[in-house]
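Chains as they are written, first to last, in this note's numbering: chain U, 7 to 516; chain R, -5 to 105.
Treat the hints with caution; some may be incorrect.
Mimicking DSS-like on lysine-lysine, the simulated pairs with C-alpha atoms at most 30 Å apart in a straight line are [as the list claims (entries may be wrong)]:
hint	chain 1	residue 1	chain 2	residue 2
1	R	K32	R	K3
2	U	K231	U	K73
3	U	K199	R	K90
4	U	K199	U	K372
5	U	K11	R	K100
6	R	K32	U	K231
7	U	K231	R	K68
8	R	K100	U	K37
9	U	K188	R	K68
10	R	K64	U	K199
11	U	K188	R	K90
12	R	K78	R	K68
Hints listed in this document are in silico derivations from the structure and should not be mistaken for laboratory results.
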Amino acid sequence: MAAPKFEVPKLSDTAYTDVPKIQEGSMSHIKSFIAPQAPQEFLGYPWELADDWKERAIDRMGQLLGKYRSLRVFMDACVHCGACTDKCHYYLGSADPKNMPVARQELMRKVYRRYFTLPGKIAPWLVGAEDLTKDTLDQWYSYYHQCSECRRCSVFCPYGIDTAEITMAGREILNHVGMGQKYSNEILGKVQKIGNNLGLPGPALEDTLLGLEEDIEADTGVAVKMPLDVQGAEILLVTPSADFFSEPHVESLIGYAKVFHAAGASWTLSSHASEAGNFGLFNGNYETMRTVAMRIRDAALELGVKRIVVGECGHAWRVAYAFWNTLTGIGYGGNDPFSIEMQKQLDPRYKQPMHICEYTWDLIQKGVLKFDKSLNDHRTITFHDSCNVARGSRMGDEPGGQFTIPRNIIKAVANNFHDMAAETIGESTFCCGGGGGVLTDDLIELRVKGALPRMNAYNAVAKEEGVNFLALICAICKAQFTKVVPFYGFDMSQVGGVHQLVSTAIKLED
Amino acid sequence: MPMIEHGGKSFEVDEEGYLVNLADWDENVAAYLAQEEKVEMSQSHWEVVNFLREYYGEYQIAPAIRVLTKAVAKKLGPDKGNNKYLYELFPYGPAKQACKIAGLPKPTGCI
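Isolated chain U (complex conformation) (with noise of 0.2 Å):
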């Protein structure tokens, strides 16, 4: 592949990231790949715009006005006033005023206005309401794959517009019309026709798992397994699909297992459900959601676990947190009797789902998990709060477990530990720069420009603290800086995964 043909953004002297000059229609030539016929048609869409699109666009957004009061409002209650205009990493990175939050959004609004306000229709130049045209659904395509529905703008919106949501609906719209993305709507296929967004087929992940085994034996000298399909087990173990294939991913993969290994934990890993992240989330298609995360519910039945637990994967966490019981019975609510026996299956003194971070800090502040920490001297260690955990979820029972939770981890298994800057970390997190759906080659230059707000924070404390590992819970945070870090000066084996430190100062006995 040519080396990518665009300016990487210089690091700035401090941690924070100086608000660009505009420069107008810097990334109009965003366009990610155009979904192909096949994962359309699996998906039920279509793949080309047919003569009716535009009936069929605004058909689609009057339903989803309809179902999700949340973006009739917020198509409604901006101001314009601004707060959130340079919130947003994209435009932090690449100068485009479009990727300002409210831009992004008024490029719906304002088709909004002209179809389903009552100024909109009868005086659309009073108002700002504009006719749905092939360019606006063209720029719809490429701003609304340079957002990363990260809600990082929501924090600091007074009337908490949530961006996100708006992309989700403006990425439905375009799919419905037939112009799907080929990165997200590729995977959605892999996931439900193979099991996980990879599409590592059921023989490849056991001969890859029995690997991993023999590496961990020869590395330790102790057997630690990485069952799979493991009926009756207690604990069914959902992790993102990248753990199993990629580094640093494997790392954390290794470390779930020896912490499970020490706690003396029954668990298992499910060929089914080998896949923890549902990209029917950043799809904004709630029936897609829907059926990847029954997967899970389906094999936690098949197995007859009694609990669920998630690996390093934010956007996953999100949805098990925050949608699992009411998509599909899992924790609480579900009436249907699939979900009545599975709560009568699942062990009612743990929360269902549990994040892998509470499991690990659960059983670390019982005593049960042994370090050495001076293993992990050679690092100075921060960490990144990945956008779906920090502003979309919780861990724990304190408010902010989500934030002081994998840091706890970090600071018992090792001794070297520095925060970044207080406004780019915790609730006000950067994005990394390839969530949502993003993580693709064809938008290596938005991905890049992205991270710069996130660089800027590491560099500050890799200069002045000596920080040296950028750790994370997020499949997708690190494959993205991976791939991004490079492009700042930074070696890639500087990223890596929080259970990754618990693998290397966690102390085993056979």
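Model the placement of chain R on the given structure of chain U, informed by the hints.
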């Protein structure tokens, strides 16, 4: 999608340059794909490419990075069984660039 004429043969690639039909692959096609990637194929490159094809033939997916590094260690020596060496051979990443030259579909997901 683009049709490529190379060495007296024509074959189809997708918008990212991945071979569309696995069966079209031969060493001549691989040479073309490598040239497009600006990778000069040595014996070590071929060992990796051939292993990828073998593995794909058995499992219908490219091997995980760990599986690949172990296979490389067996074939080329333990000092070469690591991610760093694979990146030296295939600078854009072994998973994607080596797969492309081997004529395999692009592995995608959160990788």
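Legend entry - Hint consistency between U:K188 and R:K90 [alpha-carbon to alpha-carbon, up to 30 Å]: Holds, at roughly 17 Å.
Inset, instruction - Below or equal to 30 Å on CA atoms is what counts here, so check R:K32 against R:K3. - result: Holds: R:K32 and R:K3 sit about 21 Å apart, inside 30 Å.
Legend entry - Agreement of U:K231 and U:K73 with the hint, judged by alpha carbon distance not exceeding 30 Å: violated, 46 Å
Legend entry - Given hint R:K68 paired with U:K231 - CA-CA distance at most 30 Å: holds, 23 Å
Legend entry - U:K188 paired with R:K68 [C-alpha distance capped at 30 Å]: Violated, at about 37 Å.
Inset, instruction - Decide if the proposed pair is consistent with the structure: U:K11 and R:K100, CA atoms, cutoff 30 Å inclusive. - result: holds, 22 Å
Inset, instruction - Decide if the proposed pair is consistent with the structure: R:K100 and U:K37, CA atoms, cutoff 30 Å inclusive. - result: Distance of about 19 Å is within 30 Å: holds.
Legend entry - Restraint check for U:K199 with U:K372, where alpha carbons must lie at most 30 Å apart: violated, 41 Å
Inset, instruction - Sort out whether U:K199 lies within 30 Å of R:K64, counting only the CA atoms. - result: Between R:K64 and U:K199 the Cα gap is close to 29 Å, so the pair holds against 30 Å.
Inset, instruction - Take the C-alpha atoms of R:K32 and U:K231, compute the straight-line distance between them, and say whether it is at most 30 Å. - result: Given pair R:K32, U:K231 is violated - Cα atoms ~41 Å apart, limit 30 Å.
Legend entry - 30 Å limit on alpha-carbon distance, applied to hinted pair U:K199 and R:K90: holds, 22 Å
Inset, instruction - Starting from R:K78, check that the Cα of R:K68 is at most 30 Å away, please. - result: OK: R:K78 and R:K68 at ~16 Å, within 30 Å.
Of the numbered hints listed earlier, those contradicted by the structure are 2, 4, 6, 9.
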